[in-house]
Amino acid sequence: MSSRNIRVGIALLGYLFVSISEIHAQSFEEYKRQALSDFNNYKKQQQRDFKEYRDRVNAEFAEYMRRAWPQFDAQPAEPVPDRPEPPRPAVKDPNAGPSNDPIPFDNVIPSPDPVRPPQPVVPLPVPERPVQPSFAFEFYGTPCTVSLDAGHHFTLRNINENAVADAWTRLSSDAYLTIVAECLAWRDRLRLCDWGYMRLVECMATAFFSDSERNEARLLQMYILTQSGYKVRIARTDDRLVLLLPSEDDIYEMPYLTVDGHRYYVADPTVRQQSFHVFDREFPKEQFFSLQITTEPLLAIRPSEPRRFASERYPDISAIVKTNRNLIDFYDEYPRIGWDLYSRSSLSAWAKEQLYPVLRRCIAGKSKSEAANTLIDFVQTAFEYKTDEEQFGYERPLFADETLYYPYSDCEDRAIFYSILVRDLLGLDVVLLHYPNHLATAVSFGEEIAGDYLMLDDRKYLVCDPTYIGAPIGNAMPQFKQTAAKVIRIH
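Numbering of the sequence shown is given in numbering that gives the first Met the number 0, commencing with residue 0 and proceeding in unit increments.
Treat the hints with care, as some may be off.
FRET-style restraints, in silico, Cβ to Cβ [as the list claims (entries may be wrong)]:
1) 294 x 359: 15 to 25 Å
2) 133 x 270: 28 to 38 Å
3) 477 x 69: 53 to 63 Å
4) 92 x 137: 47 to 57 Å
5) 268 x 69: 18 to 28 Å
6) 447 x 481: 20 to 30 Å
7) 407 x 259: 37 to 47 Å
Here are the computed lysine-lysine pairs in the DSS-like style, where the Cα-Cα straight-line distance is at most 30 Å [to be verified]:
8) 91 x 365
9) 321 x 284
10) 385 x 321
11) 367 x 351
Don't read these hints as lab results, they were simulated from the structure.
Bear in mind the structure is a predicted one, so any value in this text is a computation, not a measurement.
All C-beta atoms in this analysis are idealised placements derived from N, C-alpha and C, irrespective of residue type, glycine included.
Sequences and hints are given; from them, build the entire structure.
Printed below as a string of structure tokens:
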């Protein structure tokens, strides 16, 4: 073959390669456009399906609202269980020798499984254009904004079944879905627990409506909570709509109704009626409220007056700490629950920023047992003791930040506080020891240390009592050494 023919062949092959490449490139671009178009069409169809389902569910819900609401009588609020405490903390006899005794226990209460926050029955639509929030309100001193405007205002002509159903039909329009999405976004942004989210929606609704429109505010609150996935009920007295919150956790000092075997608590403390007409229809995929509070709400900081906390045995441990009054107000209004739920919360990030550097500096270079002794002396001596009855007039466990805020603390407050310090600063596993009139802790050090102890899952837990003044780790109060404790796992 001549060189000329070879050159022509190469040129022809090059032309064909370029042409094929252009065809492939063109085909790929067409494929991408088609795939994107198909995906967008799929999303639009999915949103139409979601909307159709949501509209149907809310329409059926409104129709059930028109039926007569059955009557239920409220049960009186249960008081916080009385737990007699010694008027003064026990002090270890400095002449008493060490002990190394097994501690009896008769029950181990596991840590509850983490609860995922409820979600809407179907995903909420995403606005095609960003919406600029225009309505501002405060949530425990924290500024929030949503897209409420005059167009969202409505008026109940009365609070009978038909009037409430008509208002629900209006609320079920697409105009309110953005508000639901914005409230859920605030839930995530502020890291709110279920009760915190309920309060956020309540603050927004009561700020939007006037004082004379509390029924409208309550219905808007119920609508947003329902669309957010929460199990709630609305009830009617002679002139008021009342929100009912179900909980699988016992709530004290709050009246309740028993509906379908579940307790529904009256969330409004100003309501004194004993009889309610209840709309008891379930909403699809609704989920119980959980009173677990495993993360602090991220509230704007309003500093309290500073307090000084110092260890008697270790003078280098001296910290000036301010607490966040907004967080204290949040905790103050939190439902009265069993103290075991308090124990699974933690200390706020702001309090840790002030206290932990001092504690870390003082335990640096020490063994785990030496560090635990340093921390237990701090909790024993830096906080003044008073019973809840003396300080508040009633039984009241404290969240850890409240222990730093209020002037006094008792055995359960100290045990919870010490357990947080040991978990955070030493990375050790802690359990609580619950006696009829006392609360202590036990710590797994992962090494052999003499002292009073119990065995759990082949691991040794050393008794550490932050209310047994002057007692190092491994010392149980003598009066409880023969009493079987309930063991509470925290994590």
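Broken hints, by number: Going through the list in order, the structure violates hint 9 alone and respects the others.
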